[in-house]
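Model the full assembly from the supplied sequences, consistent with the hints where possible.
Residue numbers for the sequence shown follow the UniProt record's numbering, beginning at 1 and rising by one.
Hint data in this document are derived by calculation from the structure and do not stem from the laboratory.
Here the structure is a predicted model, which means the values were calculated and not measured.
Every residue, glycine too, gets a C-beta built ideally from N, C-alpha and C.
It is possible that part of the hints are untrue.
[To be verified] If you anchor each label on the Cβ, the simulated ranges turn out as follows:
hint, residue 1, residue 2, range
1, MET68, GLU89, 25 to 33 Å
2, THR61, GLN11, 47 to 55 Å
3, SER4, PHE51, 52 to 60 Å
4, THR2, SER54, 53 to 61 Å
5, THR38, MET68, 20 to 28 Å
6, GLN11, PHE51, 22 to 30 Å
[Stated by the list, open to error] Taking lysine to aspartate or glutamate and the EDC-like style, the derived pairs with C-alpha atoms no more than 20 Å apart in a straight line are:
hint, residue 1, residue 2
7, LYS18, GLU81
8, LYS18, GLU89
9, LYS18, GLU71
10, LYS18, GLU6
11, LYS45, GLU34
12, LYS18, ASP35
13, LYS18, GLU79
14, LYS45, ASP35
15, LYS18, GLU82
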Amino acid sequence: MTSSTEDLTSQIRQLDRKFRRACDQILLLNNQIEDLQTRYDRAMKANRRSFRYSLRLRLATLEGVRNMFYEYASRCADELEELQNQLIEAGEDPDELETDDDNDNADRSNNDDNENFADDNEHFSDNDDSGGGSKETRGLPLSGSHSELLS
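Printed below as a string of structure tokens:
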């Protein structure tokens with residue numbers, strides 16, 4: 001491996017680690033949003049306006065943070081795809097890369113969070129107030145292995 005391919009693999013590993021952390025944060029934020037939405041629905045049924053207002057503010061804030069994490073993860077996925085294409089052009093196989101998270105992937109396969117990532121993002125595409133939605137609805141194409149986690 002030449003120094004340029006070593007640099008590319010190093011960049012891919014770092015970016016992959018950042019991407020996976022962003023995905024984990026999105027999952028946590030989705031869970032928090034779901035919990036707050038349940039509390040908001042209860043406050044709405046009980047006609048507790050003071051609680052509804054504060055919960056709605058917290059929901060809007062969490063949705064905004066989640067949307068920013070989603071955009072960041074999306075950019076990371078695009079950069080990863082570009083770096084992998086550069087690695088292919090250099091004659092290396094990006095699938096043979098061993099990332100730092102490969103050991104974590106064995107743990108993730110036992111964890112439902114990774115499998116239910118698309119299900120957790122239902123809030124994202126169904127919520128018209130968030131300004132989010134899937135990348136396809138915003139005209140940004142998804143492709144590549146990392147982008148599959150975001151779809």
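A quick look at each hint next to the structure:
no., hint, in the structure
1, MET68 <-> GLU89: 25 to 33 Å, "holds, 32 Å"
2, THR61 <-> GLN11: 47 to 55 Å, "violated, 33 Å"
3, SER4 <-> PHE51: 52 to 60 Å, "holds, 58 Å"
4, THR2 <-> SER54: 53 to 61 Å, "holds, 57 Å"
5, THR38 <-> MET68: 20 to 28 Å, "holds, 23 Å"
6, GLN11 <-> PHE51: 22 to 30 Å, "violated, 47 Å"
7, LYS18 <-> GLU81, "holds, 14 Å"
8, LYS18 <-> GLU89, "violated, 24 Å"
9, LYS18 <-> GLU71, "holds, 13 Å"
10, LYS18 <-> GLU6, "holds, 18 Å"
11, LYS45 <-> GLU34, "holds, 17 Å"
12, LYS18 <-> ASP35, "violated, 26 Å"
13, LYS18 <-> GLU79, "holds, 11 Å"
14, LYS45 <-> ASP35, "holds, 16 Å"
15, LYS18 <-> GLU82, "holds, 16 Å"
Of the numbered hints listed earlier, those contradicted by the structure are 2, 6, 8 and 12.
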